[in-house]
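S.K.: With the hints as extra help, turn the sequences into a complete structure.
Protein chains in written order, with this note's numbering: chain A, 1 to 307; chain B, 308 to 701.
FYI, nobody ran anything at the bench for these hints, they're computed from the structure. Certain hints may be false.
[Claimed, not checked] Calculated pairs, EDC-like style, for lysine to aspartate or glutamate (alpha carbon to alpha carbon, straight line, at most 20 Å): (1) B/Lys365 / B/Asp634; (2) B/Lys333 / B/Asp377; (3) B/Lys493 / A/Asp271; (4) B/Lys501 / A/Glu275; (5) B/Lys518 / A/Asp2; (6) B/Lys394 / B/Asp377; (7) B/Lys572 / B/Glu670; (8) B/Lys518 / A/Asp263; (9) B/Lys644 / B/Glu626; (10) B/Lys493 / A/Asp263; (11) B/Lys600 / B/Asp588; (12) B/Lys602 / B/Asp674; (13) B/Lys572 / A/Glu57; (14) B/Lys394 / B/Glu372; (15) B/Lys419 / B/Asp397; (16) B/Lys501 / A/Asp263; (17) B/Lys568 / A/Asp129; (18) B/Lys518 / A/Glu139; (19) B/Lys622 / B/Asp397; (20) B/Lys441 / B/Asp636; (21) B/Lys622 / B/Asp634; (22) B/Lys493 / A/Glu275; (23) B/Lys493 / B/Asp523; (24) B/Lys518 / B/Glu548; (25) B/Lys594 / B/Asp676; (26) B/Lys463 / B/Asp523; (27) B/Lys333 / B/Glu360; (28) B/Lys463 / B/Asp685; (29) B/Lys333 / B/Glu626; (30) B/Lys697 / B/Asp438; (31) B/Lys441 / B/Asp633; (32) B/Lys518 / A/Asp129; (33) B/Lys568 / A/Glu57; (34) B/Lys572 / A/Asp129; (35) B/Lys333 / B/Asp353.
[What the hints assert, rightly or not] Far from chain A, by Cβ distances over 10 Å, these chain B residues were calculated: (36) Gly436; (37) Leu550; (38) Ala640; (39) Thr655; (40) Glu670.
Computed from a predicted structure; not experimentally measured. Where is the CB? At the ideal position from N, CA and C, for every residue including glycine.
Here are the chains, one letter per residue:
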Amino acid sequence: MDWTLLVTQLLNGVQLGVLLFLLAAGLTLIFGIMDFVNLAHGSLYMAGAYFCATVAEWTGSFLIGALAALPLTFMVGLAVEMVVVRPLYARDHLDHVLATFGLILFFDALVHLVWGPEGIAIALPGFLDGRVTILPGIEIPTYRLLIISVGLAVAAGLGYVVTRTRAGMLIRAGAANRRMLGALGVDVNKLFTLVFAGGAVLAGLAGLMIAPITEANIGMGNGILIVALVVIIIGGIGSIRGAFVAAILIGMIDTMGRSYLDDLMKLFLSDQNAETAAPALSAMLIYILMAVILYFRPQGLFQPKVR
Amino acid sequence: MKFRIVPMAVAAALMAAPSFAAETVKIGFVTTLTTPAGVIGRDMVDAVNLAVEHIGGKMAGLDVELIIEDDGFKPEIGKQKTDKLVKQDDVDFVAGYIWSHVLLASRNSALKAGKFLISSNAGPSQLAGKDCHKNFFSTSWQNDQTPMALGEVLNKKGVKSLYVMSPNYAAGKNMVAGVERTFKGKIVGKDMTKWGKDAQLDFSAELAKAKASGADGLFVFYPGKAGGAFIKQYMQAGLSETLPLYSVYTIDSLSLPKFQKAGMKGVLGSFMTQFWAPDLDTPQNKKFVSGFKAKYGRYPSFYAAQSYDTIFFIKSAVEAVGGNLDDMDGMRAAMMKADYPSVRGKYTYGNNHMPIQNFYLREVVVDADGVWTTSITDTVYTNHQDVYAKECKL
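M.R.: Spelled out as structure tokens, the structure:
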């Protein structure tokens, strides 16, 4: 067993996990608190990436791009909530799905019109473009370490806000019983708008952080949204802690599957069969995990106490 | 009696249709216009439009009518669009197809309807071998050929061990088979990654494995947007110093402008094999490249070159029969001669209607205007035929 490779792959798993968490956190809050299914969450992820890429291109600095992209994504979140989402709260889930699926098509076409089909690559500043040696023999790109740090910091901050502050108390109260919260004099509409836009910022942050690795692309959020939905289902809808645990779990399972499954399968299959079967199975692993977890815990790992 | 008007209008339209069809050459062109792969489709459609402009919109005196369809990067949609082209539009030629899996899914729809099917890019082994067909032609290459040429380059450079990465679909498997066929060293590791509309774009786990494998070189095939993502991560991981990159169809005129904009100098000087390059010295290529740059302000990609050829190829067939589009045998005989000005110069067709052509070594260079492009440095294969031709019963 090559230990340096194992540690590197564990870090890669954490990196994928924290990105998934940023996307899933907003999704689970919006779903859990507002009971709203938002398929267009991936479009906000894309918006963050494109805003960052555009500003970075103008100013020549990725960091300025990243800082500018967050308020811009916040505003897109506000606009989407006020124009499209708000009239739909009273409707059922099917209407939510139809409307937000339409939003995906709208945003993909809009990006195609404004930026063209080719996508934008983002140059990283020199100090982020290198590599760091964290342990002897283990060298990972500085930027990936930054993603892990930012992701963990945001997760900790979010955990603090939700469990220890008044705003977090309102959010949890909204998840438990939104009508009662309104009756107590809290402006539920305003709360929902802020939660939605806050979720948009988290998605935008995930998008702008992945953009220097994969480029900003049309439809980049659509594939990862499916995985984020798996995360919130495994974690328990509405639970931030569940989203975090499930995101790291999925990140690990996916990365480890891609890393070791073919070697593992070669133990009991011919080389050629293993080479064919391993990629197919590793793409299915997270869904198998979801099925197993849902069999034993249909509500997900961490179900918020009251619904 | 309002309801009677509609059936009458439909009947009138149906009667009008056949007389209209005889005056035009209808060409259906299936490519990808949406999803990030749409950038490839745009290059192909731009090239087709340029070619139609260069022939004055006429073939043997007939007007050319283009019908462009978007496959959405999905085999099932590509097949539906092909069905629509042959049944509803009744086109004379079905052309295009970037993706091998889309072409394989669409093959029967076009060929069983008795139409000519011309691949402007995809070259899956099945269509070159046992599933070859008298009405199927390619203006590109068979998938295995380019990586086979690369394998020869690796042998020449003294590479002893190789790590292989490729997407897990029809063409990806052909590319890997191609390099394995000619590369004489050892393949120390192989990753086939998820492909399609939600393709895997973060290669951290695979690159860590490649690095740990201690191979002399890294072979990759990542067409379209995945190529850009891969190159960025390859450089961020600092592998360019320890694990030299040898690629096919990964660095092209679509990705180079982005690399240049982002200042990724690491791609300069990297090698790949291909049947064509923008600086290939033929009169038709000069006309094509300068015309393309003048009209669209960028270098054409190889996808564009093959698409441009497709139109001239069809024109040679239509003119050989004097515009009599019912003469399928005459057009087929003309196409087998490949008697048209191709951007790659003169080539011939094998029994399976795949080109027998040269393959070159290309290097990423900076041109006279400071633009990053690819340039031919060596000829790897002369008049190379794919290995599946002998499985074809034609």
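S.K.: Hint by hint, note whether the structure agrees.
M.R.: Do the hints match the structure? See the list:
1. B/Lys365 / B/Asp634: 18 Å, holds
2. B/Lys333 / B/Asp377: Given pair B/Lys333, B/Asp377 holds - Cα atoms ~17 Å apart, limit 20 Å.
3. B/Lys493 / A/Asp271: 15 Å, holds
4. B/Lys501 / A/Glu275: Judged against 20 Å, a Cα distance of about 13 Å means the pair holds.
5. B/Lys518 / A/Asp2: With a Cα-Cα distance of about 12 Å, the restraint between B/Lys518 and A/Asp2 holds, given a limit of 20 Å.
6. B/Lys394 / B/Asp377: 17 Å, holds
7. B/Lys572 / B/Glu670: 13 Å, holds
8. B/Lys518 / A/Asp263: Holds. B/Lys518 to A/Asp263 sits at ~16 Å (cutoff 20 Å).
9. B/Lys644 / B/Glu626: With a Cα-Cα distance of about 13 Å, the restraint between B/Lys644 and B/Glu626 holds, given a limit of 20 Å.
10. B/Lys493 / A/Asp263: 17 Å, holds
11. B/Lys600 / B/Asp588: 16 Å, holds
12. B/Lys602 / B/Asp674: 19 Å, holds
13. B/Lys572 / A/Glu57: Holds, because 17 Å separates the two Cα atoms, which is no more than 20 Å.
14. B/Lys394 / B/Glu372: Distance ~16 Å between B/Lys394 and B/Glu372 Cα, so the pair holds.
15. B/Lys419 / B/Asp397: 13 Å, holds
16. B/Lys501 / A/Asp263: 18 Å, holds
17. B/Lys568 / A/Asp129: Roughly 16 Å between the alpha carbons, so the hint for B/Lys568 and A/Asp129 holds.
18. B/Lys518 / A/Glu139: OK: B/Lys518 and A/Glu139 at ~11 Å, within 20 Å.
19. B/Lys622 / B/Asp397: 18 Å, holds
20. B/Lys441 / B/Asp636: 10 Å, holds
21. B/Lys622 / B/Asp634: 14 Å, holds
22. B/Lys493 / A/Glu275: Holds, at roughly 16 Å.
23. B/Lys493 / B/Asp523: The hint holds at about 10 Å.
24. B/Lys518 / B/Glu548: 11 Å, holds
25. B/Lys594 / B/Asp676: 19 Å, holds
26. B/Lys463 / B/Asp523: 13 Å, holds
27. B/Lys333 / B/Glu360: This hinted pair holds, its Cα atoms lying about 15 Å apart.
28. B/Lys463 / B/Asp685: Holds, at about 12 Å.
29. B/Lys333 / B/Glu626: 14 Å, holds
30. B/Lys697 / B/Asp438: 12 Å, holds
31. B/Lys441 / B/Asp633: Answer holds: B/Lys441 to B/Asp633 is near 16 Å, not above 20 Å.
32. B/Lys518 / A/Asp129: 18 Å, holds
33. B/Lys568 / A/Glu57: Measuring from Cα to Cα gives roughly 9 Å; hence the hint holds.
34. B/Lys572 / A/Asp129: 13 Å, holds
35. B/Lys333 / B/Asp353: At roughly 18 Å apart (the allowed maximum being 20 Å), B/Asp353 and B/Lys333 satisfy the hint.
36. Gly436: It holds; B/Gly436 is separated from chain A by about 19 Å at its closest Cβ, greater than 10 Å.
37. Leu550: 13 Å, holds
38. Ala640: It holds; B/Ala640 is separated from chain A by about 39 Å at its closest Cβ, greater than 10 Å.
39. Thr655: It holds; B/Thr655 is separated from chain A by about 35 Å at its closest Cβ, greater than 10 Å.
40. Glu670: About 21 Å separates B/Glu670 from the closest Cβ of chain A, which puts it past 10 Å; holds.
Checked against the numbered hints above, the structure violates none of them.
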